[in-house]
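Undergrad: Generate the whole structure from the sequences, applying the supplied hints.
Chains A and B supply the protein sequences, listed in that same order.
1 is the number of the first residue of the first sequence in our numbering; add one for each residue after it.
356 is the number of the first residue of the second sequence in our numbering; add one for each residue after it.
Keep in mind that the hints were calculated from the coordinates and are not lab data.
Note that CB positions come from ideal geometry on N, CA and C, so glycine has one too.
There's no promise every hint is true.
Over the 12 Å line for every Cβ pair with chain A, so calculated as not near, a few chain B residues [unchecked claim]:
id	residue
1	ALA397
2	LEU635
3	ASP663
On the chain A side, residues computed to face chain B include the following (Cβ under 8 Å) [as the list claims (entries may be wrong)]:
id	residue
4	SER29
5	LEU233
6	LEU236
7	ILE295
8	VAL313
9	ASP326
10	ASN334
11	ALA335
12	ILE339
There are 2 protein chains.
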Amino acid sequence: MIHAVIMAGGIGSRFWPRSRRTSPKQFLSIVGQNTLIQATVARLQGIIPVENIHVVTNERYVETTRSQLPAVPSENILAEPVSRNTAPCITYAAFHIHRKDPDATMVVLPADHVIADVSRFHETLKVGIAKSAEEQSLVTIGIEPTYPATGYGYIQFDPEDRDPKGNLSALFVRTFAEKPNLETAERFLDSGDFLWNSGMFIWRTDSILSAVQQHIPDVYDSFAWMDGAEENLDKLSESFSSCPGISIDYGVMERADKVYVVPGSFDWSDVGDWKAVYDLSEKGKEGNAIEGQAIVHDASRCLISAQDRLVAVVGLNDIVVVDTEDALLVCHKNATQRIKNVVDYLYTQRLDDYV
Amino acid sequence: MIHAVIMAGGIGSRFWPRSRRTSPKQFLSIVGQNTLIQATVARLQGIIPVENIHVVTNERYVETTRSQLPAVPSENILAEPVSRNTAPCITYAAFHIHRKDPDATMVVLPADHVIADVSRFHETLKVGIAKSAEEQSLVTIGIEPTYPATGYGYIQFDPEDRDPKGNLSALFVRTFAEKPNLETAERFLDSGDFLWNSGMFIWRTDSILSAVQQHIPDVYDSFAWMDGAEENLDKLSESFSSCPGISIDYGVMERADKVYVVPGSFDWSDVGDWKAVYDLSEKGKEGNAIEGQAIVHDASRCLISAQDRLVAVVGLNDIVVVDTEDALLVCHKNATQRIKNVVDYLYTQRLDDYV
Numbered sequence: 001m002i003h004a005v006i007m008a009g010g011i012g013s014r015f016w017p018r019s020r021r022t023s024p025k026q027f028l029s030i031v032g033q034n035t036l037i038q039a040t041v042a043r044l045q046g047i048i049p050v051e052n053i054h055v056v057t058n059e060r061y062v063e064t065t066r067s068q069l070p071a072v073p074s075e076n077i078l079a080e081p082v083s084r085n086t087a088p089c090i091t092y093a094a095f096h097i098h099r100k101d102p103d104a105t106m107v108v109l110p111a112d113h114v115i116a117d118v119s120r121f122h123e124t125l126k127v128g129i130a131k132s133a134e135e136q137s138l139v140t141i142g143i144e145p146t147y148p149a150t151g152y153g154y155i156q157f158d159p160e161d162r163d164p165k166g167n168l169s170a171l172f173v174r175t176f177a178e179k180p181n182l183e184t185a186e187r188f189l190d191s192g193d194f195l196w197n198s199g200m201f202i203w204r205t206d207s208i209l210s211a212v213q214q215h216i217p218d219v220y221d222s223f224a225w226m227d228g229a230e231e232n233l234d235k236l237s238e239s240f241s242s243c244p245g246i247s248i249d250y251g252v253m254e255r256a257d258k259v260y261v262v263p264g265s266f267d268w269s270d271v272g273d274w275k276a277v278y279d280l281s282e283k284g285k286e287g288n289a290i291e292g293q294a295i296v297h298d299a300s301r302c303l304i305s306a307q308d309r310l311v312a313v314v315g316l317n318d319i320v321v322v323d324t325e326d327a328l329l330v331c332h333k334n335a336t337q338r339i340k341n342v343v344d345y346l347y348t349q350r351l352d353d354y355v
Numbered sequence: 356m357i358h359a360v361i362m363a364g365g366i367g368s369r370f371w372p373r374s375r376r377t378s379p380k381q382f383l384s385i386v387g388q389n390t391l392i393q394a395t396v397a398r399l400q401g402i403i404p405v406e407n408i409h410v411v412t413n414e415r416y417v418e419t420t421r422s423q424l425p426a427v428p429s430e431n432i433l434a435e436p437v438s439r440n441t442a443p444c445i446t447y448a449a450f451h452i453h454r455k456d457p458d459a460t461m462v463v464l465p466a467d468h469v470i471a472d473v474s475r476f477h478e479t480l481k482v483g484i485a486k487s488a489e490e491q492s493l494v495t496i497g498i499e500p501t502y503p504a505t506g507y508g509y510i511q512f513d514p515e516d517r518d519p520k521g522n523l524s525a526l527f528v529r530t531f532a533e534k535p536n537l538e539t540a541e542r543f544l545d546s547g548d549f550l551w552n553s554g555m556f557i558w559r560t561d562s563i564l565s566a567v568q569q570h571i572p573d574v575y576d577s578f579a580w581m582d583g584a585e586e587n588l589d590k591l592s593e594s595f596s597s598c599p600g601i602s603i604d605y606g607v608m609e610r611a612d613k614v615y616v617v618p619g620s621f622d623w624s625d626v627g628d629w630k631a632v633y634d635l636s637e638k639g640k641e642g643n644a645i646e647g648q649a650i651v652h653d654a655s656r657c658l659i660s661a662q663d664r665l666v667a668v669v670g671l672n673d674i675v676v677v678d679t680e681d682a683l684l685v686c687h688k689n690a691t692q693r694i695k696n697v698v699d700y701l702y703t704q705r706l707d708d709y710v
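TA: This is the structure in structure tokens:
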């Protein structure tokens, strides 16, 4: 059967002051009505039954996850005692699902991305699922790049594999590339055989488990006890604390032989900062994206997120105003990456109430 | 005796959202600890006894005035049933004081200006008070212009009257000029015989009353009943409602013969908008003026007035952020004059709670 594993452990600080330790990005409705994780689950409707949807998140977010995803069986919400990057998270989920369904195929999805065209997304998943049936094959979803992004990793595929008729197909992966500088990103874009690395994966649980065993045996060994055994929270937290923190890309995908990428041609964003939220938002006149009660006078291309108060913006362009009960952010749209520094500063100043 | 009349009827909307109908500019401490009207009274210490200080304000501000100025005798707080510009206000106060003290000299001061050098201010007043002793002479205080301001009216004096030794003296006034355009303002500045019109006046009550009678008789007639009579609130509100709204500059000063100006060389500001507040504020590093709890990251020359919440400003220069319980303003420092439009809009939208 097809299962989904939604990775929801992030504690993104780039959406301060809306996002806090208690309510990170994936649990906020910063784009549309649903929260990002609710949208991620809704997006699977018609392709993966909800009883097969799993969420891996940090212990402290289990309650929030349950309340936001009432349809997801509560036993499918897996708690990480500590966060240890994607490889341990995926290995844990793979053992958990494999135990219930030895014939399982799992689709791994980040909880906090935005995808516009659901039917195209489904087509892409189906092609990936079909490919993942091949013995030992590991499939990732790539995104056709639309500009020379420096904020994403890239995946280079074998152009020979492109279907001459242009049909969607899984392409053999040559290399994974780290986030490039602009010059390199432009070369990637021009070459035509690079895709953005979306962090979405498809594989059979037996395929990924044997790949983990082969390429990152210490990660495998940390969770090996789960093979056929009952749940055991003490052993589980021992597994995570003993396990090295390593990403599945670095630990497995860059080393395995049979790695394929399906080029997704749907609109996709990892919603990395408030600027990305502005880009995804509906704009009114003067290109202002306004949530809540706001008055703009001689202001354009602003993102305004008001809550309980009236916000007036006068004589300013390209700024972000995010108002919350106890904290307010006013930021230039091109400086939203620096909000992390503010959060870091709040920690150093022991202003923890605000983070 | 010397009396002071502080005009405090204004409902300035240029300091929204801090200033509201219920708390206009003169009752706010937007510069320093004292409110502007408290500073205006404190500034007279040593030159005018507090029992001779009078305040004319709108009925709705009488209570606020009493509570902010406990030392001023409560019977010296004169209420205007309706606001009718400066001529009726001054005529009312002149009759009121003249009745108590037929030999009175009155110093008329706006409640919402900032003056840095108090001793120079006192010298200026003394020269003006001396000049006002001359029969029928009307004295105004001018300010030596420091730049070609287009936001102030100007007073042209007779350069012949300048004391060759540079001693402070009262100079004969040739003309009053409306707020000029930049070109004209530069000409005024270069000419050397123009001063800013500060709206401060000094005259004997009998001098101003006869001047009002001569030049704006209908204003005089509206209040003539007060001559020797007891207070009478009904007659008073009849006086104001029947009286035309006209300024003392236009009604009297531009028409009278014996008008003099004393060039004040003290630092003065009418604190016209938030930009003026920034200019008057103490700046920290990067030239930011911060009140309350704020974090600035890669931001310079900003005015931040926080109240109960944390304000973070990132990647922005020359902006004004004013945070209040129910409304927030984010404005470019060069657009602060346009805040009036926001307040007007709030009225048209019936959002009266915010004004």
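Undergrad: Give a verdict on every hint.
TA: For each hint, the structure was consulted:
Even its closest Cβ contact with chain A, about 33 Å, leaves ALA397 of chain B beyond 12 Å, as expected for a residue assigned away from the interface. With a least CB separation of 21 Å from chain A, LEU635 of chain B remains clear of the 12 Å interface cut-off, as annotated. ASP663 of chain B, annotated as away from the interface, has a beta carbon of chain A within 12 Å; the closest lies near 8 Å. Checking SER29 of chain A against chain B by beta carbon gives a least distance of about 22 Å; that is not within 8 Å, so the hint is violated.
At about 38 Å, the closest approach between the beta carbon of LEU233 of chain A and any beta carbon in chain B exceeds 8 Å, and the interface hint on this residue is violated. The criterion of a C-beta within 8 Å of any C-beta in chain B is not met by LEU236 of chain A, whose closest approach is roughly 38 Å, and the hint is violated. A least Cβ separation of about 6 Å between ILE295 of chain A and chain B falls short of the 8 Å threshold, and the interface hint therefore holds. Given hint, VAL313 of chain A at the interface with chain B, holds; its Cβ is 5 Å from that chain's nearest Cβ, closer than 8 Å.
At its closest, the beta carbon of ASP326 of chain A sits 5 Å from a beta carbon of chain B; the interface hint therefore holds under the 8 Å criterion. Because the beta carbon of ASN334 of chain A sits about 7 Å from the nearest beta carbon in chain B, less than 8 Å, this interface hint is met. Contact between ALA335 of chain A and chain B, as hinted, is supported at the beta carbon level, the nearest pair being about 3 Å apart and thus within 8 Å. The closest approach between the C-beta of ILE339 of chain A and any C-beta of chain B is roughly 6 Å, which is under the 8 Å cut-off, so the hint is satisfied.
Of the hints listed earlier, those the structure fails to meet are numbers 3, 4, 5, 6, in rising order.
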